[in-house]
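K.L.:
Kindly produce the complete structure, drawing on both the sequences and the hints.
There are 2 protein chains.
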Amino acid sequence: MKKLINRPEDVVREALQGMAGAHADLLQVHFDPHFIRRADAPVPGKAALVSGGGSGHEPLHGGFVGPGMLDAAVPGAVFTSPTPDQILAATQAVAGAAGVLHIVKNYTGDVLNFEMAADLARTEGITVEAVIMDDDVAVQDSLYTAGRRGTGATVVAEKIAGAAAEQGRPLAAVAELCRRVNARGRSMGMALTSCTVPQAGKPTFELPGNEMEIGVGIHGEPGRSRVPLGTAAEITAMLAGPVLDDLPFKAGDPVLAFVNGLGGTPLLELYIVYRELARLCAGRGLTIVRSLVGTYMTSLEMAGCSITLVKMDEEMISLWDAPVRTPALRWGL
Amino acid sequence: MKKLINRPEDVVREALQGMAGAHADLLQVHFDPHFIRRADAPVPGKAALVSGGGSGHEPLHGGFVGPGMLDAAVPGAVFTSPTPDQILAATQAVAGAAGVLHIVKNYTGDVLNFEMAADLARTEGITVEAVIMDDDVAVQDSLYTAGRRGTGATVVAEKIAGAAAEQGRPLAAVAELCRRVNARGRSMGMALTSCTVPQAGKPTFELPGNEMEIGVGIHGEPGRSRVPLGTAAEITAMLAGPVLDDLPFKAGDPVLAFVNGLGGTPLLELYIVYRELARLCAGRGLTIVRSLVGTYMTSLEMAGCSITLVKMDEEMISLWDAPVRTPALRWGL
Numbered sequence: 000m001k002k003l004i005n006r007p008e009d010v011v012r013e014a015l016q017g018m019a020g021a022h023a024d025l026l027q028v029h030f031d032p033h034f035i036r037r038a039d040a041p042v043p044g045k046a047a048l049v050s051g052g053g054s055g056h057e058p059l060h061g062g063f064v065g066p067g068m069l070d071a072a073v074p075g076a077v078f079t080s081p082t083p084d085q086i087l088a089a090t091q092a093v094a095g096a097a098g099v100l101h102i103v104k105n106y107t108g109d110v111l112n113f114e115m116a117a118d119l120a121r122t123e124g125i126t127v128e129a130v131i132m133d134d135d136v137a138v139q140d141s142l143y144t145a146g147r148r149g150t151g152a153t154v155v156a157e158k159i160a161g162a163a164a165e166q167g168r169p170l171a172a173v174a175e176l177c178r179r180v181n182a183r184g185r186s187m188g189m190a191l192t193s194c195t196v197p198q199a200g201k202p203t204f205e206l207p208g209n210e211m212e213i214g215v216g217i218h219g220e221p222g223r224s225r226v227p228l229g230t231a232a233e234i235t236a237m238l239a240g241p242v243l244d245d246l247p248f249k250a251g252d253p254v255l256a257f258v259n260g261l262g263g264t265p266l267l268e269l270y271i272v273y274r275e276l277a278r279l280c281a282g283r284g285l286t287i288v289r290s291l292v293g294t295y296m297t298s299l300e301m302a303g304c305s306i307t308l309v310k311m312d313e314e315m316i317s318l319w320d321a322p323v324r325t326p327a328l329r330w331g332l
Numbered sequence: 000m001k002k003l004i005n006r007p008e009d010v011v012r013e014a015l016q017g018m019a020g021a022h023a024d025l026l027q028v029h030f031d032p033h034f035i036r037r038a039d040a041p042v043p044g045k046a047a048l049v050s051g052g053g054s055g056h057e058p059l060h061g062g063f064v065g066p067g068m069l070d071a072a073v074p075g076a077v078f079t080s081p082t083p084d085q086i087l088a089a090t091q092a093v094a095g096a097a098g099v100l101h102i103v104k105n106y107t108g109d110v111l112n113f114e115m116a117a118d119l120a121r122t123e124g125i126t127v128e129a130v131i132m133d134d135d136v137a138v139q140d141s142l143y144t145a146g147r148r149g150t151g152a153t154v155v156a157e158k159i160a161g162a163a164a165e166q167g168r169p170l171a172a173v174a175e176l177c178r179r180v181n182a183r184g185r186s187m188g189m190a191l192t193s194c195t196v197p198q199a200g201k202p203t204f205e206l207p208g209n210e211m212e213i214g215v216g217i218h219g220e221p222g223r224s225r226v227p228l229g230t231a232a233e234i235t236a237m238l239a240g241p242v243l244d245d246l247p248f249k250a251g252d253p254v255l256a257f258v259n260g261l262g263g264t265p266l267l268e269l270y271i272v273y274r275e276l277a278r279l280c281a282g283r284g285l286t287i288v289r290s291l292v293g294t295y296m297t298s299l300e301m302a303g304c305s306i307t308l309v310k311m312d313e314e315m316i317s318l319w320d321a322p323v324r325t326p327a328l329r330w331g332l
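Chains A and U are the protein sequences, given in the same order. Its first residue numbered 0, the first sequence is counted upward by one per residue in numbering that gives the first Met the number 0. Its first residue numbered 0, the second sequence is counted upward by one per residue in numbering that gives the first Met the number 0.
If chains are identical, the list can't say which one is meant, so a pair holds when it fits in one copy or spans any two.
Keeping only pairs whose Cα atoms sit at most 20 Å apart, straight-line, the calculated SDA-like set for lysine to any residue is: (1) Lys1 x Pro207; (2) Lys1 x Gly208; (3) Lys1 x Thr203; (4) Lys201 x Ala76; (5) Lys1 x Glu233; (6) Lys1 x Arg225.
Don't read these hints as lab results, they were simulated from the structure. None of the values given here were measured: they were computed from a predicted structure.
P.N.:
Now the structure itself:
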């Protein structure tokens, strides 16, 4: 196992310590239980956004904490749901009178633990709404999931809902926008290589040198098919086809196109995938009105990518463009 | 070779096409010869910054084109210097009366070709100054270099000099700031794995599963030593020691600390390295006044990292903080 780490059991804590040091102007990290919060939270009158999930997907979610996006993020152990006490502590830390939105990717442990934390928070008088993200079209049920998995649309939802909250919109309106992104967003990913969980010490799955996994999950869960290696054009078509057909996206739709690296794939390759995706979208008559190309939701050092398309409207575009200042996504501030 | 590409010979062109599509609001890409320019260049009255080098180091340099940083970037073939005609065309495209600064990493081909382009530009009446970056303390001479290699401090120099140019400072002052960053910046990198140049199709070097290369170059050039794998603490000490001793950095120095991923290393690990680097800096009495942690100067999909320290002053800090809007580095705009 070749990793820049010390003891495998210290990976999450030490990465959080590094993050706290590198972004001390913006974030505070609370340890035991672990959560990352906006330094200035709770922001009076603002609905607070809390997300979280297993670690190993950085910059998601801690890299999206800051003005215009999340108020807190709750990192579990690597590929392991955060505990209810972590989520509760984060919720308490950022909650104000305007209430809290939990943004939860659809993995069984995440959903259960966020539900439990929400129930506990409500007994303390905190208003909590939750939105479950399930945008991954690859498989219906999966290793850790009943129903579809939550993936790339979560980044878009956190940006758009975060902007709405920053503008002072009420909790219900912020939650509706988050649900709207999920309803109009579809994703699919693929792996060229496996990843290695530090405490496991060996690859999560074996993938021969001439094969790839289409529809892979962000924890290395099996996808739709294991097939021979293809070109970027072939791979992008294998991902974009199911995504485009699912909503379905139609000619004339304005879309946000998001090409995401899974951790071990360089930007050079992601731009090639974006080129293919743009051609496929143009071929269906879609208009790409906004784009995002980079490494935002990872599976440790996995080589591969995911694509996400979200059907946008004017309100969503305006909220996407709104100022944001987080470690991983920043503009206008 | 597992890569998200089509034909190896089309990698650079297709990635540039993807980049052009993804950042059409900000950049224009010119093909044959290839260069990336600010959509609004030449900016009247502004000294123009042009950098470049082989492709395979993305987001460097094309990802740093935009207001507050570069006016143009010139991408060569993968790990190959851009040609004089490319550099000349980029220089002509962005040159105004205030002249042009060439920011050149110290690799023999880059230096020669930028010099030749500068000479040609001068015959056309364009004022050109050049700054050679040579911040890598690992080795004195190298596979492609007479003297030290140019690495991470280049990113810092492009940001600080770019901000100075955006404020309308004259070419000589902008060049002086770039030289100041180089004079006060030191870097060193290490590799856990090799990278594979697409047209070569096999790893640039072989590195056994239990070894790492300390002092590696960004094209996979040999470093100082090949040693058994170590912890993040040990590795960071092996990089930071030579960096700290070289300037030398002294107690009380305000520094910018930059932890850079080489392409295949996830952010989770880079934050662990940052934690170690911050501890080492504190141990020497340095004050980290600004930091940057992420993947900014890569060697394709190489796993590993580099660290860069730059001794800052108030003027440099203010220019670092100035607004910037590029694909890869953005704040305030």
